[in-house]
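**Q** At the far end of the sequence shown sits residue 242, using the working numbering, and the numbering has no gaps.
There's no promise every hint is true.
Computed cross-link-like contacts, BS3-like style, restricted to lysine-lysine with a CA-CA straight-line distance of at most 25 Å [unchecked claim]:
{"hint": "1", "residue 1": "K10", "residue 2": "K159"}
{"hint": "2", "residue 1": "K140", "residue 2": "K32"}
{"hint": "3", "residue 1": "K235", "residue 2": "K74"}
{"hint": "4", "residue 1": "K235", "residue 2": "K32"}
The set of hints was computed from the structure by calculation and includes no laboratory data.
Quick caveat: nothing in here was measured; it's all calculated off a predicted structure.
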Amino acid sequence: MNTNHEKVALVTGANRGLGKEISKQLCAKGYAVFMASRDIETGREAAQKLCDQGYEAIFLHMDVTDPVSIKNAYGAFSQKADHLDVLINNAAVLEETDRSVSIVRLSIESLERTLKTNLIGPIIVVQDFLPFLEKSKEGGRIINMTSDLGALAHMKDSYPAYSLSKTALHAMTRQFAAGLVGKNIAVNCVNPGWVQTRMGGPNANRSLENGAQTPVWLATEAPLQETGKFWKDKREVPW
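With the sequences and hints as input, model every part of the structure.
**A** Given below as structure tokens:
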């Protein structure tokens with residue numbers, strides 16, 4: 004293994020916003036963090052900034068909408084690490100038209116693009132990197148970043164493509180949690196709240212630091228037997 008740390012994490016969509024902040028907090032806890040991003044320039048800059056602060060951050064080029072790109076990222080990862088302790092599926096898309104359209108007029112093309120990034124991509128990433136998660140000495144952890152917009156308890160006719168993709172991601176979380184019983188791998192999803200990111204906007208009521216707290220807690224401190232659940236503020240919440 005070429006990384007200098009025994010604890011290894013992979014965060015998708017890590018070039019900015021919440022993914023970048025989660026990576027920073029994991030680095031601060033002693034993890035070597037592979038920061039995956041489709042955008043090469045901003046991804047490298049984000050990783051280099053953490054390296055300049057004395058952390059071990061490794062840029063990993065990955066487009067979650069492209070299975071070949073994910074396979075290539077797997078190959079690049081395997082050159083530097085022999086196991087994976089934490090996988091955080093953070094990369095996501097909310098198309099601008101989805102902010103104001105009703106499901107009655109939702110473009111199927113928009114829905115397909117959203118599902119490709121927010122659901123299908125995470126499924127492929129988990130499937131491909133599962134062999135490394137199974138090699139984690141302390142047990143692997145998969146965290147899917149989701150939203151209360153995907154909760155059936157709060158479902159309304161708003162953000163239809165994004166909401167449907169996150170509801171499906173909840174189901175994917177439960178499916179993987181059940182499918183990995185006995186593998187010493189916990190699978191959970193988390194609602195970080197309304198966070199001040201490019202997607203959330205400047206009026207959001209949560210800072211990046213606050214939004215990253217629960218996913219980082221799930222990745223590092225939560226009991227491994229907690230699996231197949233939906234979390235917010237370190238508490239289980241209704242689906």
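**Q** State for each hint whether it applies.
**A** Here's how the hints hold up against the structure:
Taking the CA atoms of K10 and K159, the gap is near 40 Å; set against the 25 Å cutoff, the hint is violated. Of the pairs offered as hints, the one joining K140 and K32 holds, with about 17 Å between alpha carbons and a cut-off of 25 Å not exceeded. The straight-line distance between the Cα atoms of K235 and K74 is roughly 32 Å, outside the 25 Å bound, and the hint therefore fails. Restraint check for K235 and K32: the C-alpha separation of about 21 Å stays at or below 25 Å, so the hint holds.
Hints 1 and 3 from the earlier list are contradicted by this structure; the remaining hints agree with it.
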